[in-house]
Amino acid sequence: MNAKNNFNFDRVKAMLPEIQKALEESRENLLASLVIISEIPAPTFQEAARIQYLKDRFTEYGLTNYTCDETGNGSVVIDGATGERNILILAHVDTVHKSSVDHTVTVLPDIVFGPGVGDNSLGVAMLATLPLILEKINYQFHSNLILMGAVRSLGRGNLEGQRFFLNNVNRKIDAGICVEGLKLGRLSYKSLGMRRGQFNVTVPQEAAWHPFGTFGAVRVMNQVINRLNQIPLPTDPRSTIILGSIDGGESYNTLATKATLRFEVRSESDRVPEEVEKELRLIAEEVASESGAEVKMDIFAQRLSGGIHFSHPLVHATRSVMDALDIEPIIRPSTSEISEFINHGIPAVTLGITECDNLGQPDETIYIEPIIRGAAQIIGVLIAIDQGAIDEY
Amino acid sequence: MNINEWIARNTHHHSEYWDLRKMIAAKQRQGLKISLCIPTLNEEKTIGKEIVIFKSELVDRYPLVDELAVIDSGSQDATLDVAASFGADTYLASEILPEAGEKRGKGENLWKAIYQLNGDIIVYVDADIKNIHPRFVYGLIGPLIYQPEVRYVKAFYDRPLAFSSGIRPSGGGRVTEILIRPLFSLFFPELTALIQPLSGEYAVRREVLESIPFPIGYGVETSHLIDVYQQWGLAAFAQTDLDQRVHRNQGARSLGKMGFGILQTFFKRLPHLGFTAAMPEMQTVLRQFQVSDNQYEQILHDIVEDERPPMITLEQYRTKFGKSLPPEYNDAQTEKKS
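Residue numbers (our numbering), protein chains in the order written: chain A, 1 to 393; chain B, 1 to 338.
No lab work stands behind these hints: they were computed from the structure. Any given hint could turn out to be false.
Simulated crosslink set (BS3-like; lysine-lysine; CA at most 25 Å straight-line) [said to hold, decoys possible]:
1. A/98 - A/278
2. A/55 - B/22
3. A/98 - B/45
4. B/22 - A/98
5. B/22 - B/33
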């Protein structure tokens, strides 16, 4: 293989100590942004307040070209010296936590905890602080850096914000970095085939029970789950059905009239999710017929598998940066923002910033000490791309 | 100035002070230094966040605050370590002015801050605020920067969670509405214009702080208002709405202790103000009750509202800041050495 470019990783490696120093100096700024962002509730479709915070931060740094698009994404461009490339750095701003949850964050010397601090308030804080950090390092980017807080990513949001941006952006995006708070070492450059959806079971009110035996919605849903467990899944390509959450019923002794099961089918191939979706529709019809209950299955998000290869220069450069920072790569395919980059043919990686405990819980906990290396890794990869690491062989 | 004029002129909302660059320029033109003091006692869970936010936003990014200090009453937890790890200056109250001895109470920390810190303005912010934000500081500093006649700025919190339109009540907490406002209405009607006289957040000019005594316990806020009012009148005050403040709520018994301490402070001042002849000696024991095995039992709380003298009466203070004793301090008021 002959590289068409003159990319020299040693130049990136030589900058890493300076980047880490700039991050040390900016630690309180990053943590302050983390706290402020974390305490702004932002369930999917209600991200406006967080986007406003990003706008305020970007504007304070003198970045006057901030724009908010039709879906609510907030983005700004840091113009490079030549503008020869456009690199999109994005972090999803939405969270899985409802507005009614207490979003108070606690800061201790080694940890920060509170709802969503890692996923993805830390990623958004990194985005908000990036202009300040870049000012502190002695490096002039040739590429334009597009910083974007992406809305409508999770659940039913189905990456709508990012998709809108990539479908409508008025310049060619040459590379992408998805910034995730969690977890340090995460390296995703491939997307899994995926179907995301839910089963809804509804039975009539208690007064009209007798024609339907004694089945409540929970027991009907149990039948659905039993049938799901019988679906054969191949080990190659690796495939799985994740049952993410289940709701139903109100008390101990009242038959439930409604139940909901949220699931995701994932596979390294596109064929498996497609076939499983057919099975799921069949299961809904059969259980409805057997129980007399209404059983509906709704698929509201899907992804195609794909991505760049392990030997792609972007992956190689990213691994080199991680190695130089003593970060052990955890390579895994993803169903998140990387998928939309892949769909648009843009080489991209997803990177995580720090370690965590209690992911997804109200006391989600992140560790402060690894943040410097995790953040340095992102800036290192940016510089590598800027230096020509993405130029294809 | 009547109450309505004062409210119109001196009641603000923090959003009036959003332009920190402008405020910093005005501060620099006036040659002012600003110290932020956070008094603490076992606040390790909340202090880290306050320091991170204030240092990042008001020291590093916008240098409005020149000195960020935590003054601690002797926490048993890691309060001071947490605060120091995020860049605050940390002090034990007992190690400041050791010649003056050691007393326990938040007022003691506030009083010793006047000696330890160097600002021309000192901002006091409690450490137990869950929804901490830079507005808790710049909202209080704003009136002092832009209104030279203002000497003492008090916080209030007035954002309703839900409200349609028309008239809605506005006021303070339970102790304010049941105790302070009735007392002020009886003796100092103009002070009722302060919507939340007991709020723990305020910013004050040094020349005021050094000239007033400091109760070390529950009565410090009440005494400040009375003493500043007596010397400089209502025009010296301003108040800023900081929206919501989320913090620990106290039970009725704790509020009873607070009320008891405040009343001691209040009644101590009445003879000096000429409102009444000599008062009988007051008890210092608050009596509350509980039921145990169907028997009513008294619980006795000894609450002594000790007071520190005006800082200007201390020779060490005058030496440190190059000040002389003002003539109004006669022999009877001069230096108390504890």
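To see whether the hints hold, each was checked on the structure:
Of the pairs offered as hints, the one joining residue 98 of chain A and residue 278 of chain A is violated, with about 32 Å between alpha carbons and a cut-off of 25 Å exceeded. The hinted pair formed by residue 55 of chain A and residue 22 of chain B meets the criterion: a straight-line CA distance of about 20 Å does not exceed 25 Å. Taking the CA atoms of residue 98 of chain A and residue 45 of chain B, the gap is about 24 Å. The hint holds against a cut of 25 Å. A threshold of 25 Å between alpha carbons decides the hint, and for residue 22 of chain B with residue 98 of chain A the separation of about 37 Å lies outside it, so the pair is violated.
In summary, the hint linking residue 22 of chain B to residue 33 of chain B is supported, as the alpha carbons are separated by about 16 Å, within the 25 Å threshold.
The structure fails hints 1 and 4 (numbered hints given earlier, in ascending order).
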